[in-house]
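S.K.: Residues per chain are reported as follows:
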Amino acid sequence: MNKRKVPGTAEKILIFLRAEKSGYVSGEALSRKLLVTRTAVWKHVHALVKQGYSIGSSTRLGYRLTGSPDRLLAAEIREGLLTKYLGKELYCYDEIGSTNETAMKLAGTNTEEGAVVIAEKQNSGKGRLNRKWLSPAGAGLWFSVILRPRIAPRQATDLTFVAGLALVQALHNFTGLEAGLKWPNDIFLDGKKVCGILTEINAGPDLVRHMALGIGINVNMSKAAFPAEIKDSATSLSLAAGREISRLGLLKEVLGQLEEKYELYKRDGFSSFIAEWKKRSVTLNKRVRIKGLAEEYEGFAVDINKDGGLVVRLDSGELKKVYSGDVT
Amino acid sequence: MNTKEIKEIIDLLKGSDVSEIEIEHDGVKIHIKKGSSGAIITPVMVPQAVAPAAMAQPGHSPIITQAPAGVPAPAAEAAKPAGNTINSPMVGTFYKAPAPDAAPFVKEGDIVKEGQTVCVIEAMKLMNEIKSEIKGKVTKVMVENGQAVDFGQALFVIEPV
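Quick note, the sequences are listed as chains A and B, same order. The numbering used here applies: residue 151 is where the first sequence begins, and numbers increase by one. The numbering used here applies: residue 147 is where the second sequence begins, and numbers increase by one.
None of these hints come from the bench; they were simulated from the model. Please note that a few of the clues may not be correct.
[Claimed, not checked] Lysine-lysine pairs mimicking DSSO-like chemistry, simulated, CA-CA at most 30 Å apart: (1) A:K255 / B:K253; (2) A:K193 / B:K253; (3) A:K456 / A:K429; (4) B:K277 / A:K416; (5) B:K283 / A:K282; (6) B:K259 / A:K255.
Computed from a predicted structure; not experimentally measured.
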């Protein structure tokens, strides 16, 4: 586990080595810049190599960075991240139960808005109603973003649409894939689900205290990675694009889009997102079946209302507003 | 007066003993009242430009009340039981348990602590764990598992102990 709020010594060593791509940085120079002994520098370099970095060393010249792993390490996420606050505070895990669970706990402490909890692998990734979300090691992006919006609980649902649209835009920018949104915010490619968003909030009757936007993106999963029960309904970006996708690169694009759209929402409100969602929807103007815990019905998806509720025209002609349930 | 200023007034009210405030400023009248459970009325956008003629009619004043414009008054409001209730802070679906096959968070007769989770309300794949604001006994569960609930609808009756 590597859990860091600010760059540690090892991360600072990486920053110095990156700045010197052409040549070596001596152990002595590093020890001077970081105010640690040369032995400590050597220990940190050794730890970085164990994490997957390729670092050449020469007794005469010092250290040289020759390769970085495609691993979700704080130093790699922060490198070239163009956000103001989203993803600046990072909690990176090799393995975790659920990023949302940890994010909700962390959000109750003094974590900053925009803090991100991310793991290579989730052992109990969650979907709605405690369903499982498949999160194998190294093949996807499984993370949660902590936000502290000053809004009422009933407005918090707006942000689930904001997040869905940010993801669609990020996928477009980074992979060129044009994804659709299934109500409310499942991301679809070729009729199959490629990312899901599960949001949790902690709120009083009037105001949200904090929220965790839990995001799961199937990035480089092969067909065989999906078990029989979801193989016809789930896909990955690499399957859709026909090539491997850099998880680190995509993550930075997603964080950038999320921050941009979140700022836009806070400044201009929700209505423009509704319009944008309608353009990207794969649910509207289709016959849909809604399955909830207590009821199940069919109808025609005619619209979403100003709160994001799905408006379904039942066969009786009655218009029903849907706020939850499985839509197929 | 903009929404930010209204929010500031609401925040001010929250930390005070004052339960109700009415402000008239530049032809806009705002009435803010704390709910019975200590809940504060959700801030609602006040129309930026209000015709002075419309202002003269009290019914047209942009007054923030417990049932803000645009949000239909919940039907359950009329049948609201006496005593403390835990109300839904949003439109959504009521879940009595964390998973369909799990034990309910609370049942009638249970004593709940302040801050204890009593149910989950879901809307648009957003889960809101509702907590009791007071210590008390759950005397009635007002809704069924999986039922759609309105904004402000009573979910539980809690008797302080």
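S.K.: Determine for every hint whether it applies to the structure shown.
M.R.: Outcome of the hint check:
In summary, the hint linking A:K255 to B:K253 is supported, as the alpha carbons are separated by about 26 Å, within the 30 Å threshold. For a cut-off of 30 Å, the pair hint linking A:K193 to B:K253 is broken: about 57 Å separates their Cα positions. Simply put, A:K456 and A:K429 have alpha-carbon atoms about 15 Å apart, close enough for the 30 Å limit, and the pair holds. The suggested pairing of B:K277 with A:K416 holds, with an alpha-carbon distance near 27 Å, which does not exceed 30 Å.
As the CA atoms of B:K283 and A:K282 are separated by approximately 34 Å, the hinted pair breaks the 30 Å bound. Only pairs whose Cα atoms come within 30 Å are accepted, and B:K259 paired with A:K255 is accepted, the gap being roughly 19 Å.
The earlier numbered hints that this structure contradicts are 2, 5.
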